[in-house]
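Trainee: Could you build the full structure based on these sequences and the hints that come with them?
Chains as they are written, first to last, in my numbering: chain A, 54 to 240; chain B, 527 to 1110.
Any given hint could be a false lead.
[As the list claims (entries may be wrong)] Calculated Cβ distances over 12 Å to all of chain A for the following chain B residues:
| id | residue |
| --- | --- |
| 1 | T548 |
| 2 | Y561 |
| 3 | D569 |
| 4 | P631 |
| 5 | H674 |
| 6 | P712 |
| 7 | E755 |
| 8 | D833 |
| 9 | R878 |
| 10 | W1012 |
| 11 | S1026 |
| 12 | E1037 |
| 13 | F1039 |
| 14 | G1040 |
[What the hints assert, rightly or not] Using C-beta positions, here's what the derived DEER-type ranges look like:
| id | chain 1 | residue 1 | chain 2 | residue 2 | range |
| --- | --- | --- | --- | --- | --- |
| 15 | A | S200 | B | H709 | 46 to 52 Å |
| 16 | B | F992 | A | L235 | 56 to 62 Å |
| 17 | A | V78 | B | A873 | 37 to 43 Å |
| 18 | B | T701 | A | A115 | 32 to 38 Å |
| 19 | A | E210 | B | H1023 | 53 to 59 Å |
FYI, nobody ran anything at the bench for these hints, they're computed from the structure.
Treat the numbers as computed from the prediction; the structure is a model and nothing was measured.
We put the CB at the ideal spot given by N, CA and C, even for glycine.
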Amino acid sequence: MSALNIKKGATSHSAYELRDPNSNVIERHTLACIVDNEAGVLARVIGLFSGRGYNIESLTVAETDHEGHRSRITVVTSGTPAMIEQIKNQLGRIVSLHSVQDLTVEGPSVERELGLFKVAGEGDKRVEALRLADIFRANVVDSTLESFVFEITGTPEKIDAFADLMRPLGLLEVARTGVAALSRGAE
Amino acid sequence: MTRQMTGAKMVVQALRDQGVDTIFGYPGGAALPIYDEIFLQNDIRHILVRHEQGAIHAAEGYARSTGKPGVVLVTSGPGVTNTVTGLTDALLDSIPIVVFSAQVPTFLIGSDAFQEADTVGITRPCTKHNWLVKDTDLLAATIHEGFHVATSGRPGPVLIDIPKDVQFASGTYTTRETANTSHYQPETRGSIEAITDLVAAIEKAERPVFYSGGGVINSGPEASRLLRELADGLGFPITSTLMGLGAYPASGKGWLGMLGMHGLYEANMAMHDCDLMINVGARFDDRITGRLDAFSPGSTKAHIDIDPSSINKVIRVDIPIVGDVASVLGDILKVWKSRGSKTNTPALANWRSQIKDWKAVRCLEYTPSKTTIKPQFALQRLEELTKKYDRYITTEVGQHQMWAAQYLTFEDPNRWMTSGGLGTMGYGFPASIGVQVAHPDALVINVAGEASWMMNMQEMGTATQFNLPVKQFILNNERLGMVRQWQELLHGERYSHSWSESLPDFVKLAEAFGAKGIRCDNLADLDDAIIEMITHDGPVIFDCLVEKHENCLPMIPSGKPHNEMLLNDDTTAGAIGAAGGALV
Chain A
54 MSALNIKKGA TSHSAYELRD PNSNVIERHT LACIVDNEAG VLARVIGLFS GRGYNIESLT
114 VAETDHEGHR SRITVVTSGT PAMIEQIKNQ LGRIVSLHSV QDLTVEGPSV ERELGLFKVA
174 GEGDKRVEAL RLADIFRANV VDSTLESFVF EITGTPEKID AFADLMRPLG LLEVARTGVA
234 ALSRGAE
Chain B
527 MTRQMTGAKM VVQALRDQGV DTIFGYPGGA ALPIYDEIFL QNDIRHILVR HEQGAIHAAE
587 GYARSTGKPG VVLVTSGPGV TNTVTGLTDA LLDSIPIVVF SAQVPTFLIG SDAFQEADTV
647 GITRPCTKHN WLVKDTDLLA ATIHEGFHVA TSGRPGPVLI DIPKDVQFAS GTYTTRETAN
707 TSHYQPETRG SIEAITDLVA AIEKAERPVF YSGGGVINSG PEASRLLREL ADGLGFPITS
767 TLMGLGAYPA SGKGWLGMLG MHGLYEANMA MHDCDLMINV GARFDDRITG RLDAFSPGST
827 KAHIDIDPSS INKVIRVDIP IVGDVASVLG DILKVWKSRG SKTNTPALAN WRSQIKDWKA
887 VRCLEYTPSK TTIKPQFALQ RLEELTKKYD RYITTEVGQH QMWAAQYLTF EDPNRWMTSG
947 GLGTMGYGFP ASIGVQVAHP DALVINVAGE ASWMMNMQEM GTATQFNLPV KQFILNNERL
1007 GMVRQWQELL HGERYSHSWS ESLPDFVKLA EAFGAKGIRC DNLADLDDAI IEMITHDGPV
1067 IFDCLVEKHE NCLPMIPSGK PHNEMLLNDD TTAGAIGAAG GALV
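Mentor: And the structure:
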């Protein structure tokens, strides 16, 4: 830690502290919040974001520990380094929140999102949609003679790219789950 | 042994277990089972207010003057929505409050039932935490957890919403000892590495200043004692926010007076020019910092706060220390002593002499009048005539509040109750009631403006019913003085709706409530009138007719740094630019 010259008493001990804290660069961070699965807990988290003017780019919520009544709220947010630090500290004040993990800075992580795409078309367009879906390893989960529903899993960027390709091929509707993320490795 | 009882009984039993002897409240339909239990016992005293906002401000006054949590009981719907201002006030000033609100029965929730409101939804952003209890078996544990959350870490208000059927139903009572509060345990010990860094900075500092805040008072009497020991041991000057007055005594040798927008010149200059700023339990509020990019430009900044989110929120600091003030100050003293109790003595002598020059400006001097009572003069006389008493001061919000902070002195913590963060007009009178309930034999004075005071004047009924001898010292300028001052400085003297027409006759008003009224409009009578107020055994409304267009100075105009204070009326014209005018 001393090799990184992290200031003593810094509120978090990560190499990220070496950034210019006064930077105005907007960063995108994925935060994983472990909360008690109780009524209103989601409102506490998103109320904090809206009340203090923070961004939510993506939000995913589900109970992940049924016996422990814990849910995992994955929030993708953006802001300057100082704002991100403040967001994490403000989240830390929520009594029913157990931990906040910043997956963007606390080591490598994996991020996945699931998308469902309804694409309608005939002839060449239909063939092309199916061919591209194959390249993206999207599954066909519903099919009629004039439409497909594709299921695709990947990073948000991959899903964005797939959406761009489907748009001229008759894209009718999109449903996305938002980001789920975990740190890599055994810890 | 498990005990079965109704939810309503559990509320009273849990209050007993928490050592609560006084609550402030107002009954209503959904709260009747709890009120029935209150009727059937004598351990807990219920103070009936006249409006729920009065209940919560009274509880705040009780809490701030005792260090114990204040407890409020209200009914559903309008009962609880009337507490929202007080909850927000307590949240911003970090005051431990536990509100019990009744709710319509669980089977009616969501049906727009009579006196139904989404209480946990409405109060979520203005409480530290809140609960809707739908199961009587969980009620007692939730109440104990509520007290734990309200009083642990950075204190704050919590609310427990109890539907009427949960009050009627029977369940198992959980004792305070068996209630699980383990998951909420904020860190109280500061990092010893950071504390050592601070001590190293202290040893070298040439121009240090302590900047203390409400966190010292919230931490408890030990924190104030340690702050005195540390500041006096080091020989460092010390200023305080509005919230922290009394943590360090006004008679102390390092005392600079309050800092900030209406703080003292010497305090603000010391903050601007210091080379080491030690923030102890304050939060760099915008009333303190003035223009951020010009805030104390050359200093190393240390910040002691129990709430990690206060660190680096507004001002980036060099030495952050997350922990309880008393614990951290104790560790600083130990480390400093163990390293030989060193300070930079020659530099400190120069610094003290510089501060002496700033004090010589005498920033609190004002133009005296031979004909009218200046509000500053009224407070100087009040100070002179009351300081020997066992005295507690509350205030409303506005010019009178700032003058009270400037001209009254505080030797001990928990003696000064004022709405700092939210700036709630109508706070002071009910707060004075709460203080008097906690300290029946003390002299409790609410320094008020007539406009603020009228916002909760219905509490005269409470004062007389419970024979609470609170003294309402109203500096009556027939104006919203601070609004008028800003309109003078910023809005071309267009006094839009900042004066009060058809004010009541405050003496008759007092008499209508069965209290005593005193009016004073004459300099020569002022002392006698104040003495009459003090010695009267009962509540008093003191209508002190003061100069109508007096400005509250000194002042850091909005958008200006600490070293550009307005000191007297000659300098106020055009003092605030367009950019400053956009600020509040």
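Trainee: Are the hints correct? Go through all of them and say.
Mentor: Here is how each hint holds up against the structure:
| no. | hint | verdict |
| --- | --- | --- |
| 1 | T548 | holds, 26 Å |
| 2 | Y561 | holds, 27 Å |
| 3 | D569 | holds, 29 Å |
| 4 | P631 | holds, 17 Å |
| 5 | H674 | violated, 10 Å |
| 6 | P712 | violated, 9 Å |
| 7 | E755 | holds, 23 Å |
| 8 | D833 | violated, 7 Å |
| 9 | R878 | holds, 29 Å |
| 10 | W1012 | holds, 26 Å |
| 11 | S1026 | holds, 34 Å |
| 12 | E1037 | holds, 46 Å |
| 13 | F1039 | holds, 40 Å |
| 14 | G1040 | holds, 44 Å |
| 15 | A:S200 - B:H709: 46 to 52 Å | holds, 50 Å |
| 16 | B:F992 - A:L235: 56 to 62 Å | holds, 59 Å |
| 17 | A:V78 - B:A873: 37 to 43 Å | holds, 39 Å |
| 18 | B:T701 - A:A115: 32 to 38 Å | holds, 35 Å |
| 19 | A:E210 - B:H1023: 53 to 59 Å | holds, 55 Å |
When each numbered hint is compared with the structure, violations occur for hints 5, 6, 8.
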